[in-house]
Every structure is written in C-alpha cells, then in structure tokens.
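Here the protein sequences come in this chain order: A and B.
Per this note's numbering, the very first residue in the first sequence carries number 1; after that it's consecutive.
Per this note's numbering, the very first residue in the second sequence carries number 1001; after that it's consecutive.
Possibly wrong hints are sitting among the right ones.
[To be verified] What follows is a set of in silico ranges between Cβ atoms, one per label pair, in the way DEER data are often shown:
{"no.": "1", "chain 1": "B", "residue 1": "Gly-1030", "chain 2": "A", "residue 2": "Leu-185", "range": "35 to 43 Å"}
{"no.": "2", "chain 1": "A", "residue 1": "Leu-185", "chain 2": "B", "residue 2": "Ser-1163", "range": "22 to 30 Å"}
{"no.": "3", "chain 1": "B", "residue 1": "Ser-1163", "chain 2": "A", "residue 2": "Leu-544", "range": "31 to 39 Å"}
{"no.": "4", "chain 1": "A", "residue 1": "Leu-300", "chain 2": "B", "residue 2": "Ser-1039", "range": "46 to 54 Å"}
{"no.": "5", "chain 1": "B", "residue 1": "Gly-1030", "chain 2": "A", "residue 2": "Cys-446", "range": "26 to 34 Å"}
[Said to hold, decoys possible] A few chain A residues that face chain B, going by a derived Cβ cut-off under 8 Å, partial list only:
{"no.": "6", "residue": "Pro-136"}
{"no.": "7", "residue": "Leu-456"}
{"no.": "8", "residue": "Thr-457"}
{"no.": "9", "residue": "Trp-549"}
These aren't lab readings, by the way, just hints derived from the structure by calculation.
Remember, it's a predicted structure, so these values are computed and weren't measured experimentally.
Don't be surprised by glycine CBs; every beta carbon is placed ideally from N, CA and C.
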Amino acid sequence: MLLRLMPTVVLALLAGPILAGVAMVLLPAFGHLPALGGETFSLAPWRELLDQPGLARSVSISLASGLITTALSLAAVLLFLAAAADTRLDRWLHRAVSPLLALPHAAAAFGLAFLVAPSGLLARLFSPGLTGWERPPDLLIVQDPWGLGLMAGLVIKEIPFLMLMSLAALPQLDAPRRVALARSLGYRPTIAWLKGVAPALYPLIRLPVYAVIAFASSVVDVAMILGPTLPPTLAVSILEWFHDPDLEKRFLASAGAMLQLGVTLTALLVWWGLECLARRLGRGWVVNGRRRGGEHWLSLTGRGFLVITTLTAGLGLGGLALYSVAGFWRFPETLPTTLTLGHWQTALPLLGGPVTNTLIIAASATLLAMLLTLATLESEQRSGRRIAGLSLLYLPLIVPQIAFLFGLVVLMETLGIRARLALVILAHLLFVLPYTFLSMAESYRCFDPRWTRLALTLGHSPNAIFWRVRLPMLLASLLTAAAVGMAVSIGQYLPTLLLGAGRIATVTTEAVSLASGGNRRVIGVWALVQAALPLLGFIIAMGLPRLLWSNRRGMQGAP
Amino acid sequence: MTSHTLILDEVRLALGGRTLMEIDAVIGPGEVLTVMGPSGAGKSTLLAMIAGFLDPAFEARGRVWLGAREITALPAETRGIGLLFQDPLLFPHLTVAGNLRFGMPRGVKHRTARIEQALEEVGLAGFGPRDPATLSGGQQARIALLRLLLSEPAAALLDEPFSRLDRQLRHEVRQLVFDRLRRAGLPSLLVTHDHEDAENAGGPVITLG
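Please take these sequences and the hints and turn them into a complete structure.
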C-alpha cells in the first residue's frame, strides 16, 4: 500500500522544495520580506540590481558559458561516438568515463588551473626552452575576463556526463545495425553514424543536455576557481550579495537569483532555437546522399577532443599531487627541487572534521536516495506500469541551484528550523536522488521477469523475492548507483554552504574557500582528498561484488 | 504429497477482443496433457494464466481448479503450481543446494538430508555446494527439475523445457522429467512445438491454431 504511493512521494519530494524555494526568492525580489522589514512590494531591488557595475558582462558570460560549454561537450561526445571503433584507445577512453564523472567539479577545476596557470605545469614544461620565459608571464590565463578557463573546466566534466548518458541510451537504438545498413549503402562508418544514429540519439539525451546548459550557466564553485573576477559570473555575484553583512543586500540577491533563472531560461530557449535550426538544416544534410568526405577530419576531432580532456583531467590530478608534496620549486623548473610531506602533516589534523562531515552527509543522503529509488522502482515493477512524469526527476538539475536554494534558506529561517546538518542532507538528497534513480532504473527494468515468476511459482511472496532474489542479483548495479550518489553528494558546494549557514565544513567547501587564497600546496592537499573520496566509493562498488561472488561464475560481469 | 486433478473449465483467452485460444480439459494425477501449436497461438499466455501472472492486457474467461480448490483468482505464490521454463534458470547467486532449498516449503524437516538424497537419485551426489554456473546444460536441467519437485507443487506446467537441449540430451532429460512427474503424481501441462515431446509425454494432445 505504502509502496504504491512511492512514485508520488518521490516526485513531491523533488518538486516541493524547488517550487517553495523559487517562491521564497520571488517575494523578496519584489521587496517583500517581512523579517527584514520589507512589507510592501516594490521594484527597488531590481533598480539596485540594474545599477550594479558590470552586470551586463556577468550576464553575458553566464549565458555564453551555458551555451558554449554545452555545444562543445555535445559535439565532442557525438563525434567521438561516431568515430569510436573497438580500438585500444577507444576502450581506454570508455573506461575513463566513470572515474571522470566521479571527479568533483572543484578538484577538476583546480587541476586545470594548476596545469595552465602562467606558473603552472605546462608553462614550466616548455620554459625556458620553447617560450624563453625565465619568470611566469604576466598573463591572465586562469580567471580570464572572457570566461574561457571556466568553460574549459566545465567541458572536462560535462563530456563524461553526456558520454555516460549517451552510452546508456544507445542500446535502445540498435546502433550497430543502423551503421551496418548505412555502410551497405556506401556510407563511411563515421558519416553512417552521424546520419543514421545521431538524429535518433539526440531526443533521448535532450534532458541531460538541458541539465548541462542549466548547470554551466549557473555554476558557482567552478566559477569561483576558474571564472572571471571583475566582475564575476552572475551566480558568484549573487552569492556575494547574499553573504554581504548588510542584510539589505538580500533583496538585491533575490532579484539577482530571479535574473539568474531568467538567464538560464534564456540559454535554454536559445538552445531550443538552435535545435530547431539544426533540425531544419540537418534534415537536408542527412538525405543529401553524400557518403564520404570529411570523415577523417571528423573522427580525428572527436578522438582528439576526448584524448585532450581526459589527459587534462589526469594531468591536473597529477599536478595537484605534485604541488601537495612540493617543497622549494623555482619557476622554470619542471619538477620541485625538494619534496616534503609538510603540507600533508599540517593539513592532517584539519582534515578530520570536514572528511567526517562529508562522509556523514554523503552516506545519509545516498542511503535515503537509494531507499526512495528502490521503493519507487519496486512499486513500478509490481504495478507493471511505468511511472508518469519521470522527466520531473530532472527538475533539480535544470532549475539553477542558486535560484531556489536561497529561497529554501529564507523559508527555513522564517520557519525557525535550524537543524543544519539535517537540512544539508535533505538538500543533497535533491541532487543525489535523480542520479541514483537514473543509474539504477535501467538494470532494474531490464531484470529478467522470469526470475520473479519462477520464485513466485516456488511459493515466495513479492517481498521475499525483493530481498532474496532481486537485491542480491542486482547488487553490482546497486553499489554502482550508491557510488554515483556518494560522488554527487561529495562534490556539492552550494547546498552545503547555504543550508549549513556556512557552519558545516566539508572537504568541498574547504577546498573551494581556499581558491581565493592561492596557496597551491595547501589547495593541492585538499583538492586531492576531495577527488579521492568519491573514487574510494567506486573502488568499493566494483570490488565488493567481485569479492562476494568470487565463487559464482554467473554473477561475474553481471550488470 | 497429495495428488490432485488440474481442471481447465472453459478457459478462453482473448487480446483486444480477438480470441487467442479456448480450452476445456481435465488432467488427472500423473497425467501429461500436451498443447501444441505455432508460436503466437497463445500457448505461453495459457501457462501465464494458469500460473497466475497473466498480463492485464489479456482478457481471460473460465476457471481453473486444482481438485476442489478454485485457483483462478489466487496470487501466483499461493497457487501451488510449479513451472519449468525453457532455460533452467538456476539462481546464479545461490549454490546448487541453495537453489533447491530456496524452493522447499517452510517447515519441511531434514532439509539437508532430503536435498542430498534428491541429488543422489539423479546421479548428482555431492553437487550441493557447487556453483550452478559450472554445471553442464543437462545437469542444470536436472537441478531445475529437482527444485520443482522439492517445492511440492500440486501441478506442473512445462514451457518447452527441452527445446534448448541438444538431441541426445533432450531424450535423456525428457525421460527423466516425465518419469519423475508421473511418479510424483502431478497433473502436468506441456507446451511445445516438438512432436517427439508430445509422443514421449504419452498423454492426450491438443493442437491449436
């Protein structure tokens, strides 16, 4: 009975806080916030917002970041999938997708920053030999005013996301047969994929693409590390206003959050327009009969892009590790002259609290998310009907975090709820649940129904079957989904900062707050710890089933 | 084990108003009724209806009785109907003995001894702790049969259980299955499109379509 209500409960749990949060931002944006003396509606917050210096620039960079990041990531993923054959390089790139997805945004951003900064690894590698630089050049590469560093940092993380979503959708399309058919008509493999598979794939990954647009146009932590500073992106400005000691700025921040919602919506609309355009132009291109031409160039671009982003992420991590143990390190030297464990020793006593907090929050949010996910999927199985309104799952991923989390904070303050840890966990749940669900749903729905029927004819109740058949047989996917959930939670910055009222320190909030300080050695330690935690989860998720089922050949390599 | 009669009382299955099949039959204890017909004739649908997991898209009429007990509307797990599938479907996360134990009703005494004895009877003594995935096709088929028998059903449904075995093995397994079902006194319904199956079953044959 309770189980039958689960889908409704889950959807309400996701949509409720978001709607409430947006509502509680909307009111102060028009001057209504009784707690701060805003009793009447007015346009004053908006006038103040429009008077902010550099607002237009902030907005354009947010908008551009949303669209360009998405376009580049999507193009890279599609071109790679079109060109991918079963070579060793391709298999290696495929395998790198999951760990890259687990890598927190902040750690990836720091890694990139350490790599490309004027005194970073790349500059050292080619100096003074190629560049002739004896001292770091006076260039603003990281935090450049155009937001290029920001977009590059985002692309590194969004490619694995879109790749995984595409790989999950592809089995529905029977791509190998489509390609084989097109090839039998004389199309080159890459062109065959782009003309025969890509147009059918895109509708299946449209929502993840929208999530990327929304994320890239409103991200906070990556923008604080790689984004421009004078002025920063809109989302970062909003956070600064919100944290201003002058509480009157809350009105300004709320108006800003509404504007952010508008910016993200605009980015989505522009993308939708581009979609229509691409469809119109693409239709002619698909059937224009050209079977070859450019395929070499296309496949090189796809592979090259992926190799570069994967290598960048990997080298970035290496850079973090190197800086965390670097002693004396003069500029053009490629490697540090001395190595030291000093930074680790200094950081170690400080790590305990944040690491514990991170794990408590991640474990609680993931546990809740897994319970809700399993209950929803099990109720779906028993009723035999697909849940309607499943696209609502994407709501927390498409509404910009900064636009509704403020409202939630204001709401909780108004209600006088101060259970900060619980609130942080619930806020994380909003973002963890969509991922655990998406990652679990496929294997749950593909589970051979004959196992259930067989167990029924052997006299077992549906509940017994859930515990004794379905759960053990799906253990591997269960653990993977949990690891994904943990990774998502560990990487969260804004929900922890806002709902924890800045009092709950996790490795992510600590690492990001170090960004402005610029002590690379300390950052190296924290970012590395931040990157290691989710990876640990994935190692357990992959190792445990192998250990448990070491004597069961039928469970090896199970989904 | 008490023997029963499986009665299909004017059963009629339809999909979207179109009748797929009609059947009216009485299967006595130890008797095997064979239903033959091309794919799509509704054979599997009939088994699903009797076992209790008919897709709600189908309309089913008529009643199913096990002896004096009407089971038409009971949930699948309380019907007492055992099922042999095309594949042996041994649970990959359990041992051979675990699979057999999984099927045994609660309250059965001396489980381990009974499992050991059952394995011995089919020439698989000592196979209890084995991983089912390491067994040959014929061995797996025999374990699936034992699991069905140890679950003490009141009737058995066979869904082309021999079609995946090669010729030589098929003959052997078929003999064993029919022999054991007969000995257990179970009314059985076999669905197949192999004439040899029907001949070997030795019971009445209904041809559909």
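Evaluated hints:
1. B:Gly-1030 - A:Leu-185: 35 to 43 Å: Distance hint for B:Gly-1030, A:Leu-185 is violated at roughly 60 Å.
2. A:Leu-185 - B:Ser-1163: 22 to 30 Å: Violated - the Cβ-Cβ distance for A:Leu-185 and B:Ser-1163, about 37 Å, lies outside 22 to 30 Å.
3. B:Ser-1163 - A:Leu-544: 31 to 39 Å: 37 Å, holds
4. A:Leu-300 - B:Ser-1039: 46 to 54 Å: 48 Å, holds
5. B:Gly-1030 - A:Cys-446: 26 to 34 Å: Distance hint for B:Gly-1030, A:Cys-446 is violated at roughly 39 Å.
6. Pro-136: At 58 Å from the nearest chain B Cβ, A:Pro-136 fails the 8 Å test, so the hint is violated.
7. Leu-456: 4 Å, holds
8. Thr-457: 4 Å, holds
9. Trp-549: A:Trp-549 check passes; min Cβ-Cβ to chain B is 7 Å, inside 8 Å.
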